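Participant: Sequence:
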Amino acid sequence: NLETMTKFLYICIMWISVCVDALSAVFQFSVSGPVGSTAVLPCELTSVDTDTLYIRWNTESEIVFERLGEKTFQGEGYEGRVDVSEEELRKGKCSLVLRNLRLTDAGVYASYETARTAGQSLPISQKELLISRIKLSVNVPPNKTRMIAAASA
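With mature numbering (1 follows the signal peptide of the UniProt record, and there is no 0) applied, the sequence shown covers -22 to -1, 1 to 131.
Hints were generated in silico from the structure; no laboratory data involved.
Zero decoy hints are in this set.
The calculated lysine to aspartate or glutamate pairs, modelled on EDC-like cross-linking and capped at a C-alpha distance of 20 Å, are: (1) 69 <-> 22; (2) 105 <-> 27; (3) 113 <-> 38; (4) 69 <-> 44; (5) 49 <-> 64; (6) 71 <-> 27; (7) 69 <-> 27.
Remember, predicted model here, so these are calculated numbers, not experimental data.
Could you put together the complete structure from these sequences and hints?
Facilitator: The following block contains the structure:
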């Protein structure tokens, strides 16, 4: 049946375009910094919804930072060291500022935003969209390496 075949092809094309969009929208960058410094993990929203102003950053195992309007959550071990300012978020900038880097901060960080979708017969729903993945490397500066070696000698 031609109509069934047309519907099937339409669905296949839609899935392919959704998958390609999802893959092309996610960028991966590398950021590095010495222990004790500040790192900025870049992130930019595709569109800004001032009603929901939501951003979440996490590693593979834990939530690092979450902001919903004025309310924030800082994950365990990140308290007082992470932020995405509300003012910057209103401008579409969702970069995570991570202060006082520790060796244990190294890893892959992912940022997520909330998107509202409306179907033909469904009410408006929300889903989280991956914005970016950032690989953070933390190194020990040469002078600190010498100090650590001297202290252990």
